[in-house]
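Novice: The chain contents come next:
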Amino acid sequence: MSTKAKVNPAVATQGPTERVEKIKARFLATTPEICAERAKLITESYKETEGLPMTTRRAKALEKILMGMSIYIEDDELIVGNQCSMPRSAPVYPEFSCEWLEAELDRLAKRTADVFLISEDVKNTLRKDVFPYWKGKTNQEIATALMKQEAIDAGNAVVYTVGNYYFNGVGHISANYGKVMSQGLNAVIAEAEAAKAKFDYADAHQMKSLHFLESTITANKAVIAFANRYADEAERLAAVQKDAARKAELLEIARICRKVPAQPAETFQEAVQSFWFIHLVIQLESNGHSISPMRFDQYCYPFYAASKDSMPAEKAQELLDLMWLKLNGLNKVRDENSTMAFAGYPMFMNIIVGGVDREGKDATNELSLMLLQAAANTKLYAPSLSVRIHEGTADVLYMKAAEVSRMGLGVPAFFNDRTIIPALLSRGLTLEDARDYGIIGCVEPQVGGKTEGWHDAAFFNMAKVIELTLNNGYDKRTAMQVGPQTGAVTEMKSFDDVMAAYTKQMEYFVGLMCHADNMVDLAHGQNVPLPFLSSLVEDCIGRGKSLQEGGAIYNFSGPQGVGVANAGDALTAIKKLCFDEKVISLPELKEVLDKDFEGAENIRQMLVNRAPKYGNDDDYADEIAVESANIYCREVNKYHNPRGGQFQPGLYPASANVPFGGVVEATPDGRKKGTPLADGVSPIGGFDISGPTATVNSVAKLDHEVTSNGTLLNQKFHPNAVKGEEGLRNLIAVTETYFKNGGFHVQYNVIDRKTLEKAQEKPEEFASLVVRVAGYSAFFTALDKSLQDDIMSRTEQVF
Amino acid sequence: MNWREKVLDFDNIGDRGEGLKGLVFDVQKFAIHDGGGIRTNVFLKGCPLQCLWCSNPESLASKPEITFVTNNCIGCGKCLEVCPAGAIRQGETAGEDIIIDRERCTLCGQCAKHCYAGAINIIGRYVSVPELMQIIERDRKFYEQSGGGVTFSGGEPTAQPEFLKAALAEIQKRGIHTAIETSSLLPWEIYAPILEHVDLVLTDIKHMDDAEHKRLTGVSNQLILDNIRKISSLGIPVKIRLPLIPGINDSDRNLEATAEFVEQLSNVQSLDILPYHRLGEMKYRQLDISYPLKGVESPTVEHVEERIRALRERGLNISVGG
Ligand code: SF4
Ligand code: SF4
Chain A
1 MSTKAKVNPA
11 VATQGPTERV
21 EKIKARFLAT
31 TPEICAERAK
41 LITESYKETE
51 GLPMTTRRAK
61 ALEKILMGMS
71 IYIEDDELIV
81 GNQCSMPRSA
91 PVYPEFSCEW
101 LEAELDRLAK
111 RTADVFLISE
121 DVKNTLRKDV
131 FPYWKGKTNQ
141 EIATALMKQE
151 AIDAGNAVVY
161 TVGNYYFNGV
171 GHISANYGKV
181 MSQGLNAVIA
191 EAEAAKAKFD
201 YADAHQMKSL
211 HFLESTITAN
221 KAVIAFANRY
231 ADEAERLAAV
241 QKDAARKAEL
251 LEIARICRKV
261 PAQPAETFQE
271 AVQSFWFIHL
281 VIQLESNGHS
291 ISPMRFDQYC
301 YPFYAASKDS
311 MPAEKAQELL
321 DLMWLKLNGL
331 NKVRDENSTM
341 AFAGYPMFMN
351 IIVGGVDREG
361 KDATNELSLM
371 LLQAAANTKL
381 YAPSLSVRIH
391 EGTADVLYMK
401 AAEVSRMGLG
411 VPAFFNDRTI
421 IPALLSRGLT
431 LEDARDYGII
441 GCVEPQVGGK
451 TEGWHDAAFF
461 NMAKVIELTL
471 NNGYDKRTAM
481 QVGPQTGAVT
491 EMKSFDDVMA
501 AYTKQMEYFV
511 GLMCHADNMV
521 DLAHGQNVPL
531 PFLSSLVEDC
541 IGRGKSLQEG
551 GAIYNFSGPQ
561 GVGVANAGDA
571 LTAIKKLCFD
581 EKVISLPELK
591 EVLDKDFEGA
601 ENIRQMLVNR
611 APKYGNDDDY
621 ADEIAVESAN
631 IYCREVNKYH
641 NPRGGQFQPG
651 LYPASANVPF
661 GGVVEATPDG
671 RKKGTPLADG
681 VSPIGGFDIS
691 GPTATVNSVA
701 KLDHEVTSNG
711 TLLNQKFHPN
721 AVKGEEGLRN
731 LIAVTETYFK
741 NGGFHVQYNV
751 IDRKTLEKAQ
761 EKPEEFASLV
771 VRVAGYSAFF
781 TALDKSLQDD
791 IMSRTEQVF
Chain B
1 MNWREKVLDF
11 DNIGDRGEGL
21 KGLVFDVQKF
31 AIHDGGGIRT
41 NVFLKGCPLQ
51 CLWCSNPESL
61 ASKPEITFVT
71 NNCIGCGKCL
81 EVCPAGAIRQ
91 GETAGEDIII
101 DRERCTLCGQ
111 CAKHCYAGAI
121 NIIGRYVSVP
131 ELMQIIERDR
141 KFYEQSGGGV
151 TFSGGEPTAQ
161 PEFLKAALAE
171 IQKRGIHTAI
181 ETSSLLPWEI
191 YAPILEHVDL
201 VLTDIKHMDD
211 AEHKRLTGVS
221 NQLILDNIRK
231 ISSLGIPVKI
241 RLPLIPGIND
251 SDRNLEATAE
261 FVEQLSNVQS
271 LDILPYHRLG
281 EMKYRQLDIS
291 YPLKGVESPT
301 VEHVEERIRA
311 LRERGLNISV
321 GG
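Respectively, the protein sequence lines represent chains A and B.
Heads up, the final residue of the first sequence is numbered 799 in this note's numbering, and it's a clean run with no missing numbers.
Heads up, the final residue of the second sequence is numbered 322 in this note's numbering, and it's a clean run with no missing numbers.
Source of the hints: derived by calculation from the structure; they are not laboratory data.
Just to be clear, a hint being listed does not mean it is correct.
Claimed, not checked - Derived CB-CB ranges, DEER-like:
no. : chain 1 : residue 1 : chain 2 : residue 2 : range
1   : B       : A310      : A       : K379      : 36 to 42 Å
2   : A       : E102      : B       : N72       : 27 to 33 Å
3   : A       : D496      : B       : G75       : 47 to 53 Å
4   : B       : N71       : A       : L425      : 27 to 33 Å
5   : B       : N12       : A       : I689      : 46 to 52 Å
6   : B       : Q50       : A       : H718      : 27 to 33 Å
7   : A       : E623      : B       : D9        : 34 to 40 Å
8   : B       : A169      : A       : T755      : 31 to 37 Å
9   : A       : E598      : B       : R285      : 42 to 48 Å
10  : A       : K762      : B       : W188      : 56 to 62 Å
11  : A       : K762      : B       : A169      : 24 to 30 Å
12  : B       : G14       : A       : K595      : 54 to 60 Å
What the hints assert, rightly or not - With a straight-line cut-off of 25 Å between C-alpha atoms, the simulated DMTMM-like cross-links for lysine to aspartate or glutamate are:
no. : chain 1 : residue 1 : chain 2 : residue 2
13  : B       : K6        : A       : D395
14  : A       : K576      : B       : D9
15  : B       : K113      : A       : E588
16  : B       : K113      : A       : E601
17  : A       : K723      : B       : E305
18  : A       : K758      : B       : D272
19  : B       : K78       : A       : E598
20  : A       : K723      : B       : D272
21  : B       : K21       : B       : D97
22  : B       : K141      : A       : E391
23  : B       : K141      : A       : D580
24  : B       : K78       : A       : E726
25  : A       : K723      : B       : E5
26  : B       : K141      : A       : D496
27  : A       : K576      : B       : E305
28  : B       : K78       : A       : E623
29  : A       : K701      : B       : D11
30  : B       : K113      : A       : E598
31  : A       : K754      : B       : E297
32  : A       : K740      : B       : E306
33  : A       : K701      : B       : E305
34  : A       : K6        : A       : E18
35  : B       : K6        : A       : E623
36  : B       : K141      : A       : E601
37  : A       : K582      : B       : E81
38  : B       : K78       : A       : E591
39  : B       : K6        : A       : D580
40  : A       : K576      : B       : D11
Where a beta carbon is used, it is the ideal one built from N, C-alpha and C, also for glycine.
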């Protein structure tokens, strides 16, 4: 099992320094606001560049933003670089969409989740200088124009939502951070210059590539100039600084910002600063979430190793903690509906440690442990921290991960190399690339610096398909025939008939969803290419193509099925009670569902207590759940995207299980109308009554390889269950057994229900309580009440 | 086959049927406080003792029993309709629960079968060794990964000696660690063959004073103490468990006597202190039995620590909470 570790666990025992505590306290005291600077600058730039090639306009706009936005260095900071004119604030990206923002402007400070303050000044700027220009020009409007009406109708019925990239940038990427650290942006510029020679300006298509390459050069130069602005600012502050120690720090910051990211980093601090500039600018350019640093312990290790002996251990840990705080400072404003699916200001930036290296050997190093320690030191919701587990995972790493897990922050998430590497191989990655995978966002694997994965292409509402199957394709809520007529329940004479109808509905809607996704994809390629980001992903420069047009080596689109457990348990109840035992006929059952169980609570109880349930290691229920998921996956696998890549299914929800449940009628699993769906591949909350081992056995029966876009299993433990060294060993044993059986991902929420109840009553006292939502963590008190309730009802495994 | 499936089988509940069967009232997976690692606990029904503080009253009788959980009842009236013995009637006053006449009930299981809300349950199912093995095997990988296994508890598992022995033998044969949680109150001739298949014994010492022991449990402690000495001489690892009941067995004198006894044994892994809790009280209600220990409060953590300080100081390996 575990190999002998060379890594000394003592390296990761440094607690947070005073500096870290101070900056964190400042962060917690700040309420997010909306900042209009970026919106104003990009609008001006777009006005100036009308008529130029889109890629050129994008580069010039980025340049204008980086040169024109306010910059500042806060007290105590060592790693510098801000996203907005105020800390923790969110910029506006009107080029992607802004109709919703205009409509919701006055509600931002009043809504129930993810509140943003907004000043009257900012509102005026947006209303006067920004919104009017973008009418009819946003990516969202252009994508809508490309879509079939049926696809829009099915979207309105919430059979799926492609909302993420429809309203926003794509994000969901990992750039080649390691390359910037070791070679610098000057090297990227030189590469783009060299590549220009390959293309013939007389050829109209190739000319497009030349425009693209030019734009990457403009963008990279702008980023270097941006870093130099911080060098200037640090020098200015140093000149007036009385405190000698702080003065020295500021001068060091100035020196570093003159050097990186233009040139190769040499020290640890230079590497972290270089990383931060790149990460920050990618965010400023693109507005996507899930921009993921991935294998930081691998690509940053050489710099740590180079500085380790000349730097006190606490300094190295402090730099990581400061980077953690910086990552928390990034923010994003979403439309009110989307905050339901992505609640808690999440940015889904995933950092992953451990696993094997490109040669297949254990990759654990000191940084792996120190990054876990950074999560423990800062106790905040970002970044999403993950651990890769393989046959030979070092015991020190496993134990450290279990310890941090037990703290109840919901991190780290555990990922299984033994399933994920073969899954990626099956999608055409080379063996070395597959071994080098990291995680994007919640649970989506890819190899960093080479992939445009579109991992969050859509959420697909599997429970809605159950409803539509029982209603012959008719959606009661929107009063529309959104699906094909696959037969009334009175015509379904056997369970096979039901499955056949379900399959047909599935085929139809998955097809529409993929179409809708592809139209959004096309729109991104035409309207919002991202030259800076593209220059840091292979092989965009070589191919002379932006990421958005297929420049990456690997291209995917990954839509997620939500509500596997509901679909499975609904079909199981139908099979068991309507056809096997014939205690109720299907039309009778439908009648009861139509009335939302009114006057028929005993029938609901029968559905709940007399039909087998997924999650209890009961093959009857598990097999049907697996089949209902496979039907979805098989359909998704059939499609291709305009970037020349394949669709690949995932089964995870972010927090979409709550709003999705909101539009689904009562279902045969005994679920009442409008209540949340089960999250990820987890069983329905409260139905997994046979303990975590049974849950894990059930979930492992799903095909976690075909769902190469990721599956998500949440397990909640009471602190008692993981007490002491033995408790940690048990947590590891559960993880290890799940993984040996083919599991993909598991994460643990170690918090007792009482604590959550108290937090609901007295949010003020629990402002810093972080919980795992689904694939990411958030402040509990920032969540909407319905989501809080949902988290509380996930069965707590107490024994 | 899993336990839930068995529980959902309501037909012929009272009928033992052919072959060797045990009366099981629960199977819990992921048990992590009863013998090391991740375990499956099998609870056998029936117990010869009558401890005042028993938290599993449904485990006492050696036959299946009918229980009623007020909170779950949705008043659908199905049970009244289906009972062939006329053993169920509606309470007289409005809003009152249904009333089960346990004398008349033949344990046919029909009411439980149709009580979808789970208000009426029949506790206890007859299970054969092969059936039990199917349930146990489902978590084999967890046992292997964590150093866990199977623990038989109760009730009193040794009250069904033939079944227990056969089950333990089969489990051990398949390479799974075995443990029993027992009062050790049984003749050695019956105990010894069972112990041949046991890797770890968890056994209670409820009181060292024989007269007190009789008062609290209805039986003498001599046989129990003799048996524990014999187990020790056989070299089978033992965990001694001490249910700590305030005012009943937590005096300095009794704790000291317990410690002295434990110190004479050679194979004790630990002395597990199980502080009294009242979680069982609710179950008495469901069985229409009055709670014998009314008025005794659960001890606080501080109280427990204060009481056992002397034991820790003697250098015994103590764990609290089992
Ligand atoms: S189990 Fe007893 S109470 Fe229930 S239906 Fe049968 S005879 Fe009546
Ligand atoms: S069948 Fe169950 S729920 Fe219905 S009245 Fe009887 S006890 Fe209550």
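Novice: Starting from the hint 56 to 62 Å, judge whether the C-beta atoms of K762/A and W188/B obey it.
Specialist: holds, 59 Å
Novice: Next pair to validate is K6/B with D580/A; report whether the Cα-Cα distance is within 25 Å.
Specialist: holds, 17 Å
Novice: CA of K113/B to CA of E601/A, is that 25 Å or under?
Specialist: holds, 16 Å
Novice: Does D97/B lie within 25 Å of K21/B when you go C-alpha to C-alpha?
Specialist: Cα-Cα ~35 Å, so violated.
Novice: For K740/A and E306/B, compute the direct alpha-carbon distance and say whether it is at most 25 Å.
Specialist: Violated, at roughly 45 Å.
Novice: In this structure, is the beta-carbon distance linking E623/A and D9/B contained in 34 to 40 Å?
Specialist: violated, 20 Å
Novice: Indicate whether the distance between the beta carbons of E102/A and N72/B respects the range 27 to 33 Å.
Specialist: Since the Cβ atoms of E102/A and N72/B sit about 51 Å apart, the hinted range of 27 to 33 Å is violated.
Novice: Given the hinted pair K701/A and D11/B, is their Cα-Cα distance within 25 Å?
Specialist: Distance ~30 Å between K701/A and D11/B Cα, so the pair is violated.
Novice: Kindly confirm whether 24 to 30 Å is satisfied by the beta carbon distance between K762/A and A169/B.
Specialist: violated, 56 Å
Novice: Straight-line Cα separation of K758/A and D272/B no greater than 25 Å?
Specialist: Given that 25 Å is the threshold and the Cα spacing comes to 32 Å, the pair is violated.
Novice: Run the distance test for K723/A versus D272/B: straight-line Cα separation, threshold 25 Å.
Specialist: holds, 16 Å
Novice: Hint check: K6/A vs E18/A, CA-CA at most 25 Å. Holds or violated?
Specialist: It is violated: about 31 Å lies between the C-alpha atoms, which goes past 25 Å.
The structure shown violates the earlier hints numbered 2, 3, 4, 5, 7, 8, 9, 11, 12, 13, 18, 21, 23, 24, 25, 26, 27, 28, 29, 32, 33, 34, 36.
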